[in-house]
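For this one, chain A is given, so just place chain B on it according to the hints.
Protein chains in written order, with numbering that gives the first Met the number 0: chain A, 0 to 233; chain B, 0 to 233.
What the hints contain is simulated information worked out from the structure, not anything from laboratory work.
Keep in mind the model is a prediction, meaning the values are calculated, not measured.
Glycine is no exception: its CB is placed at the ideal position from the N, C-alpha and C atoms.
Be aware that a few hints might be false.
[Unchecked claim] Here are the simulated SDA-like cross-link-like pairs (lysine to any residue), alpha carbons at most 20 angstroms apart as the crow flies:
1) A:Lys204 to A:Ser214
2) B:Lys204 to A:Asp152
3) A:Lys204 to B:Tyr177
[As the list claims (entries may be wrong)] FRET-style restraints, in silico, Cβ to Cβ:
4) B:Ala25 to A:Glu210: 52 to 62 angstroms
5) A:Arg217 to B:Asp21: 47 to 57 angstroms
6) A:Ala211 to B:Asp179: 20 to 30 angstroms
7) B:Ser181 to A:Asp76: 13 to 23 angstroms
8) A:Gln80 to B:Ala25: 45 to 55 angstroms
9) B:Asp21 to A:Gln80: 18 to 28 angstroms
10) A:Arg92 to B:Gln99: 32 to 42 angstroms
11) A:Glu210 to B:Glu183: 28 to 38 angstroms
12) A:Leu73 to B:Asn89: 26 to 36 angstroms
13) B:Gln17 to A:His22: 33 to 43 angstroms
Letter by letter, the chains look like this.
2 protein chains.
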Amino acid sequence: MHQTFDAALGIDLLHANQTGADHNRAHFDEWGITCFNLMSSPGAGKTALLERTLAGLHHDLRMAVIEGDMTTELDADRLRQYGIPVIAINTGRSCHLDAQMVAGGIHTFSHTYDPTQFDLVLVENVGNLVCPAEFEVGEHAKVALLSITEGEDKPLKYPIMFQEADCLLLTKMDLAPYLDISLERITANVRQMNPHAAILPVSAKTGEGLEAWFSWVRHRCQAQSSALAQPLQR
Amino acid sequence: MHQTFDAALGIDLLHANQTGADHNRAHFDEWGITCFNLMSSPGAGKTALLERTLAGLHHDLRMAVIEGDMTTELDADRLRQYGIPVIAINTGRSCHLDAQMVAGGIHTFSHTYDPTQFDLVLVENVGNLVCPAEFEVGEHAKVALLSITEGEDKPLKYPIMFQEADCLLLTKMDLAPYLDISLERITANVRQMNPHAAILPVSAKTGEGLEAWFSWVRHRCQAQSSALAQPLQR
Numbered sequence: 000m001h002q003t004f005d006a007a008l009g010i011d012l013l014h015a016n017q018t019g020a021d022h023n024r025a026h027f028d029e030w031g032i033t034c035f036n037l038m039s040s041p042g043a044g045k046t047a048l049l050e051r052t053l054a055g056l057h058h059d060l061r062m063a064v065i066e067g068d069m070t071t072e073l074d075a076d077r078l079r080q081y082g083i084p085v086i087a088i089n090t091g092r093s094c095h096l097d098a099q100m101v102a103g104g105i106h107t108f109s110h111t112y113d114p115t116q117f118d119l120v121l122v123e124n125v126g127n128l129v130c131p132a133e134f135e136v137g138e139h140a141k142v143a144l145l146s147i148t149e150g151e152d153k154p155l156k157y158p159i160m161f162q163e164a165d166c167l168l169l170t171k172m173d174l175a176p177y178l179d180i181s182l183e184r185i186t187a188n189v190r191q192m193n194p195h196a197a198i199l200p201v202s203a204k205t206g207e208g209l210e211a212w213f214s215w216v217r218h219r220c221q222a223q224s225s226a227l228a229q230p231l232q233r
Numbered sequence: 000m001h002q003t004f005d006a007a008l009g010i011d012l013l014h015a016n017q018t019g020a021d022h023n024r025a026h027f028d029e030w031g032i033t034c035f036n037l038m039s040s041p042g043a044g045k046t047a048l049l050e051r052t053l054a055g056l057h058h059d060l061r062m063a064v065i066e067g068d069m070t071t072e073l074d075a076d077r078l079r080q081y082g083i084p085v086i087a088i089n090t091g092r093s094c095h096l097d098a099q100m101v102a103g104g105i106h107t108f109s110h111t112y113d114p115t116q117f118d119l120v121l122v123e124n125v126g127n128l129v130c131p132a133e134f135e136v137g138e139h140a141k142v143a144l145l146s147i148t149e150g151e152d153k154p155l156k157y158p159i160m161f162q163e164a165d166c167l168l169l170t171k172m173d174l175a176p177y178l179d180i181s182l183e184r185i186t187a188n189v190r191q192m193n194p195h196a197a198i199l200p201v202s203a204k205t206g207e208g209l210e211a212w213f214s215w216v217r218h219r220c221q222a223q224s225s226a227l228a229q230p231l232q233r
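One chain only, chain A, in its complex shape (with noise of 0.2 angstroms):
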């Protein structure tokens, strides 16, 4: 966090923040989709992740990506390969997605195709384990990407994104033989932080551990739709 107290407009940026994305969230029920906030240290294989998700996913979910960069439309450009809408939205200087920014991408998006017809919205976020963490974008769930090249002390590090993650995935298995790290010290590393994540290892390169995850995401779509059909218990 740089500076979070606007005194000019007399706001709390990280507030006002929230109440974007409460609004953006809104949206998304309204349209009976989920939306998850991936998040990571550039690098760590987010877009790899979601080229696969894309591929191995497409049977049953109908999908969306909106995809934040810095600048470039590099990544924008590699999922559009997979026939589905990419939003492309450039931070500028900013180091991760706020509400407002994602509003916008959610307008093109409904403007451009009828959301009625989608189930599942990827929002890719800057690369940066630090920031996105505390900015809430309308996410039903946070996902968070651990590439094991980081090193194991990263969870102790780097707090509030562990502590915040609802899946955390732990990216680049297939480098496991080749580096000194070991998962059991990673997994005890991120349940000091939060004691109820899932905890996926994968490969985007082998296809190691993406059945779960896969499985994952279907399940928090389908708990999502089931939430939404219930009508309120008071």
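Okay, now just chain B, sitting in the frame of chain A:
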């Protein structure tokens, strides 16, 4: 960047940070110390590089470390084993070191040790490829690390860090045989952003490239000393 203008205080935070950084640098100059600011994504190997550097250069340079982390002193404790002063700064929720935090570290350092007895202060920033690049802390050179596991496109996607770097270390070269990357393409992407930075492929694990890094460090420290010894030409 989240927000750089504090309307209540009526100050531009980046401008105020620059003033603080200049102040820190004046202290380093007065003491004959060269200062490097080490920056990268989480887990690119800043601490491993520092371990190798402290071991490899301790006959040539008297070194100290200012170690920035959101929480924990895990990295500081690793480096203390090399018998040098390590000043730990916990940034809390902040995603980067700023000049004021480092001023606090310099204060502790100069009151605990005789700063004129040192040649080089290495500042290890919070792992983040975005924000630290915009906040000078008083360094004479910016050293950026990019782990080759992060992919070839990072210089294009996170331009500010690569534009600002004086030296770019391509780390974890020992993993090159297991990755689908080309050193030529990474270098070409860096050069699009920065025509002048030294680009040094290294592996802290195997020692590959470390002599070139040590030479770069020695050269920069000598150049800095010579510049300070020289009276200003007007």
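We went through each hint and held it up to the structure:
no., hint, in the structure
1, A:Lys204 to A:Ser214, "holds, 19 angstroms"
2, B:Lys204 to A:Asp152, "holds, 18 angstroms"
3, A:Lys204 to B:Tyr177, "holds, 11 angstroms"
4, B:Ala25 to A:Glu210: 52 to 62 angstroms, "holds, 59 angstroms"
5, A:Arg217 to B:Asp21: 47 to 57 angstroms, "holds, 56 angstroms"
6, A:Ala211 to B:Asp179: 20 to 30 angstroms, "holds, 24 angstroms"
7, B:Ser181 to A:Asp76: 13 to 23 angstroms, "holds, 19 angstroms"
8, A:Gln80 to B:Ala25: 45 to 55 angstroms, "holds, 53 angstroms"
9, B:Asp21 to A:Gln80: 18 to 28 angstroms, "violated, 48 angstroms"
10, A:Arg92 to B:Gln99: 32 to 42 angstroms, "violated, 21 angstroms"
11, A:Glu210 to B:Glu183: 28 to 38 angstroms, "holds, 36 angstroms"
12, A:Leu73 to B:Asn89: 26 to 36 angstroms, "holds, 35 angstroms"
13, B:Gln17 to A:His22: 33 to 43 angstroms, "holds, 37 angstroms"
Hints 9, 10 from the list above are not met by this structure, while the remaining hints are.
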